[in-house]
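Participant: Respectively, the protein sequence lines represent chains A and B.
Residue 133 in our numbering sits at position 133 of the first sequence, and the numbers go up by one each step.
Residue 21 in our numbering sits at position 21 of the second sequence, and the numbers go up by one each step.
Some hints could be false.
Unchecked claim - Pairwise CB distance ranges (calculated):
id, chain 1, residue 1, chain 2, residue 2, range
1, B, SER2, A, HIS109, 41 to 51 Å
2, A, ASN9, B, ALA40, 25 to 35 Å
3, B, ASN44, A, GLU72, 18 to 28 Å
4, B, LEU19, A, VAL71, 32 to 42 Å
5, A, GLU74, B, ALA40, 19 to 29 Å
6, A, ALA128, B, ALA40, 18 to 28 Å
7, B, LYS7, A, ALA145, 26 to 36 Å
8, B, ALA14, A, VAL71, 36 to 46 Å
To be verified - With a straight-line cut-off of 30 Å between C-alpha atoms, the simulated DSSO-like cross-links for lysine-lysine are:
id, chain 1, residue 1, chain 2, residue 2
9, A, LYS153, A, LYS129
10, B, LYS29, A, LYS19
11, A, LYS73, A, LYS153
12, A, LYS167, B, LYS7
13, A, LYS73, B, LYS29
14, B, LYS7, B, LYS29
15, B, LYS33, A, LYS2
16, A, LYS19, B, LYS12
17, B, LYS7, B, LYS33
18, A, LYS73, B, LYS33
19, A, LYS129, B, LYS12
20, A, LYS19, B, LYS7
21, A, LYS2, B, LYS29
22, A, LYS153, A, LYS124
23, A, LYS129, B, LYS7
24, B, LYS33, A, LYS129
25, A, LYS160, A, LYS124
26, A, LYS167, B, LYS12
27, A, LYS153, A, LYS19
No lab work stands behind these hints, which were simulated from the structure alone.
Virtual Cβ for every residue (Gly too), placed ideally from N, Cα, C.
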Amino acid sequence: MKATLEVINQMQRDEVIGKYAIGGAVGATFYLEPLATLDLDIFVGLRAPRGNTLLTLAPIYDYLTSRGYQVEKEYLIIEGWPVQFLPPRDTLEEEALGQAVETEVEGVHTWVITAEHLVAIALKTGRAKDFARILYFVEGGILDASQLDQILKRHGLLEKWEQFGVKFLRGTR
Amino acid sequence: MSDWLRKVLESKRATRRRLQALSFSEKLKLLEKLRDRSRAIAQNPLRQRQHLKD
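Only chain A is shown next, with the shape it has when bound in the complex (with noise of 0.2 Å):
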């Protein structure tokens, strides 16, 4: 892990991507205990090319195909680990990346999404494996409630989450 983010923050530096940020199982790893995953998921913002207003995930894989790194499916493996670099596709996710957190990895500087944004997209994304963190992180009791419910209200996933309360966290409360 410590040698792809060396190579993600290089890509940094070299103005392929703006900030990024961890998210996905590895995110949550931050905050909980390791959770099996066999991907990366970094959040990404995008730097539009030279002359062009349109932005492409195309510079992030011209960067990394040159340099060697092959893709697999929707995957760039970057020394060993497949990695998805995820643009924000909403106000959501725009807004956990503006405020992830900085941390290092043995010593490589880099950013995790904050458990509270972590939840919210879990919620929103809504597959089990999505449900049944956002279940890892109420039990672990890490969750920043007033921050949760700011964030929810903002998004408009109130609902989602009082629907998601009633489903699974009857009795745990």
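We have chain A; now place chain B onto it with these hints.
Facilitator: Chain B in isolation, oriented as in the chain A frame:
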């Protein structure tokens, strides 16, 4: 709930707390081991044969 089950659940919670308290770097090393184990299981020929049966 039986005493035995209570002890099992408490032990599980304690393990989760201990793992949660590790540094991010330490957790990522464990995560890499989990990933390698998952890959090895997925590539096992016995599992792939079972997959074909299903």
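Participant: Can you give the numbers of the hints that this structure goes against, from lowest to highest?
Facilitator: The structure conflicts with hints 11, 16, 20, although it agrees with all the remaining ones.
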